[in-house]
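A.B. asks: So the chains spell out like this:
Number of protein chains: 2
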Amino acid sequence: MKKSIFLLSSSSVHGYGFLEYNKSAIQSFFEDIGGPIVFVPFAAAREEWDSYTEKVARFFATIGIAVRGLHTVDRERIFTDYKAIFIGGGNTFRLLHELQLRSLLQDIRAAVLDGRVAYMGSSAGTNMATKSICTTNDMPIVYPQQGFEALNLFTYQINPHYLDPEPETKHKGETRDQRIAEFHQENSTPVVGLREGSYILMGPDFGTTHKLFIGGQPGAKVFAPGKKPFEAPRETEFVLTPEGDVV
Amino acid sequence: MKKSIFLLSSSSVHGYGFLEYNKSAIQSFFEDIGGPIVFVPFAAAREEWDSYTEKVARFFATIGIAVRGLHTVDRERIFTDYKAIFIGGGNTFRLLHELQLRSLLQDIRAAVLDGRVAYMGSSAGTNMATKSICTTNDMPIVYPQQGFEALNLFTYQINPHYLDPEPETKHKGETRDQRIAEFHQENSTPVVGLREGSYILMGPDFGTTHKLFIGGQPGAKVFAPGKKPFEAPRETEFVLTPEGDVV
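Chains as they are written, first to last, in the working numbering: chain A, 11 to 257; chain B, 11 to 257.
Keep in mind the hints are simulated off the structure, nothing from the lab. Everything numeric in this text was worked out from a predicted model, so none of it was measured. Just so you know, not all the hints are guaranteed correct.
As the list makes no split between identical chains, a pair holds if one copy fits it or if it spans any two.
Unchecked claim - Simulated pairs of lysine-lysine, DSSO-like, Cα-Cα distance not exceeding 30 Å: (1) K33 <-> K182; (2) K221 <-> K182; (3) K33 <-> K65; (4) K93 <-> K13; (5) K180 <-> K238; (6) K65 <-> K180; (7) K33 <-> K221; (8) K65 <-> K12; (9) K237 <-> K65; (10) K182 <-> K65; (11) K182 <-> K237; (12) K12 <-> K33; (13) K33 <-> K180; (14) K231 <-> K180; (15) K238 <-> K221; (16) K231 <-> K12; (17) K65 <-> K238; (18) K13 <-> K182; (19) K231 <-> K33; (20) K13 <-> K221; (21) K13 <-> K33.
Take the sequences, apply the hints, and build the full model.
C.D. replies: Shown next, in the form of structure tokens:
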């Protein structure tokens, strides 16, 4: 099955330039899909939309793909003139709020599921591909008026920038695992904790097959209510059930 | 001026039992106010409300003050039979959601401003005393249907469990300072970053005088848009202006 959804934990990894750590995976994803890409900079502040888009365009120029900012594209051309939509990182609440204001969520979802555009997300853009933003790490700096529901292309939750607990820490704020356990006190959806440098690849049929591929050396952990968290399979296709089992 | 609002960064500090690190400050706050205390456990999961209340009651028993869980008190008695309301830590979104469902925010705010009850908060309960929950560190596990506005007793923002940036970290998730800077891209309210072990004391007239007292050895940092963050005065009363200046 063709992979058309590509979700990175983060665009920056220690010791690497912007998107560089995952460059070969990005290149191989776009080999089939091609360009141009429409880039969504809404997780950044409005003043930064242009400079953020330029930064993304500079990266993609090195693999021969053109990029344009969604804020500079006529609405009716978004899903006809571009082969892929890339939603970048920043603040997930601000991103969701802007997508709600522009009534873009349904259109993006339909276009990806229909195969009209491929989807790439990074950090906040990865949260946006999931069921809801309820497992973001971001500060709630803006109130999304229409709820926390996101694109639901990946019908579970992802926690990007996942960090394993540090047993030595003296800080008493909740660990990431405690935060995810709190999520599971209120919700039953499995959560994939995606470490920086890792990514998920899947087809638009994820909701029916639940088949995914996790790439990148750091890997990922699966959390489900009432289950001990476990390492997800890496570099191989597998099915993750709605109960959080690997089959 | 009598202090009737007491906001702790956290109830746990490395090396100390529950609330023990700030025990003498708690004792001196309640010397004038007395008991009993009505405790709000809503930041915890519903199954934990009773055990959480018992834990708080065990601590306050050591200073001779009785505690009862708000979920076991008749609504009309909350503001007549109790000298203070204590909102404990946990998940801020879950706490706000429950207070909204019970339509308690206006009543608590009015009772504290009128001097009918004193207010103590810790962590999520400290976020709840401020203008909004927009500077919480918590995961948005529940959607508060009525917005992010909180009690607005402290008319600015607090970031509890405040952590100074770690220059050595390899993790690329946002630092606390970057998160607060993002908040200031969208909002102009000053933010007090309250380190674990520190607390804020103030009177119910804070909104008019903006006079506060920060206690506890670790101290606090003040953030305002367009200003370099600076250490807040410690162990002395001072006025913090709505522009984030100390005068």
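A.B. asks: The structure should be examined with respect to each hint, and the outcome stated for every one.
C.D. replies: Cross-check of the supplied hints:
Taking CA atoms no more than 30 Å apart as the test, K33 paired with K182 passes between copies only; the shortest distance there is 17 Å, against 37 Å inside one copy. Taking the shortest Cα distances, K221 and K182 sit within 30 Å of each other only across copies (28 Å), while inside one copy they are farther apart (37 Å). Taking CA atoms no more than 30 Å apart as the test, K33 paired with K65 passes inside one copy only; the shortest distance there is 15 Å, against 51 Å between copies. Only within a single protomer do K93 and K13 lie at most 30 Å apart by alpha-carbon distance; the minimum there is 13 Å, versus 61 Å between protomers.
For the homomeric pair K180 and K238, the shortest alpha-carbon distances inside one copy (24 Å) and between copies (27 Å) are both at most 30 Å. For a Cα distance limit of 30 Å, the shortest separation of K65 from K180 across copies, 22 Å, qualifies, whereas the shortest one inside one copy, 37 Å, does not. Taking CA atoms no more than 30 Å apart as the test, K33 paired with K221 passes inside one copy only; the shortest distance there is 23 Å, against 53 Å between copies. Taking the shortest alpha-carbon separations for K65 and K12, only the intra-copy value of 28 Å comes in at or below 30 Å, while the best inter-copy value is 54 Å.
With identical chains, the CA atoms of K237 and K65 are at most 30 Å apart between copies only, with a shortest distance of 27 Å across copies and 41 Å within one. Taking the closest pair of Cα atoms, K182 and K65 come within 30 Å of each other only across two copies (17 Å); inside a single copy the shortest separation is 37 Å, beyond that limit. Proximity of K182 and K237 under a CA criterion of 30 Å is satisfied in both settings, with 24 Å inside one chain copy and 28 Å between copies. In this homomeric assembly, K12 and K33 come within 30 Å of each other (Cα to Cα) only inside a single copy, at 19 Å, whereas the closest approach across copies is 61 Å.
In this assembly of identical chains, K33 and K180 lie within 30 Å of each other by CA distance solely across copies; the values are 19 Å between and 36 Å within a copy. Within a single copy, K231 and K180 get their C-alpha atoms as close as 24 Å, and across copies as close as 19 Å, so both meet the 30 Å cut-off. When the C-alpha separation of K238 and K221 is checked against a cutoff of 30 Å, the pair qualifies only within one copy, where the shortest distance is 21 Å, while the shortest distance between copies is 48 Å. Taking the closest pair of Cα atoms, K231 and K12 come within 30 Å of each other only inside a single copy of the chain (24 Å); across copies the shortest separation is 51 Å, beyond that limit.
Taking the closest pair of Cα atoms, K65 and K238 come within 30 Å of each other only across two copies (27 Å); inside a single copy the shortest separation is 40 Å, beyond that limit. For a Cα distance limit of 30 Å, the shortest separation of K13 from K182 across copies, 27 Å, qualifies, whereas the shortest one inside one copy, 41 Å, does not. Taking the shortest alpha-carbon separations for K231 and K33, only the intra-copy value of 23 Å comes in at or below 30 Å, while the best inter-copy value is 39 Å. For the homomeric pair K13 and K221, the shortest alpha-carbon distance inside one copy (10 Å) is at most 30 Å, but the shortest distance between copies (58 Å) is not.
Only within a single protomer do K13 and K33 lie at most 30 Å apart by alpha-carbon distance; the minimum there is 17 Å, versus 57 Å between protomers.
When each numbered hint is compared with the structure, no violation occurs for any of them.
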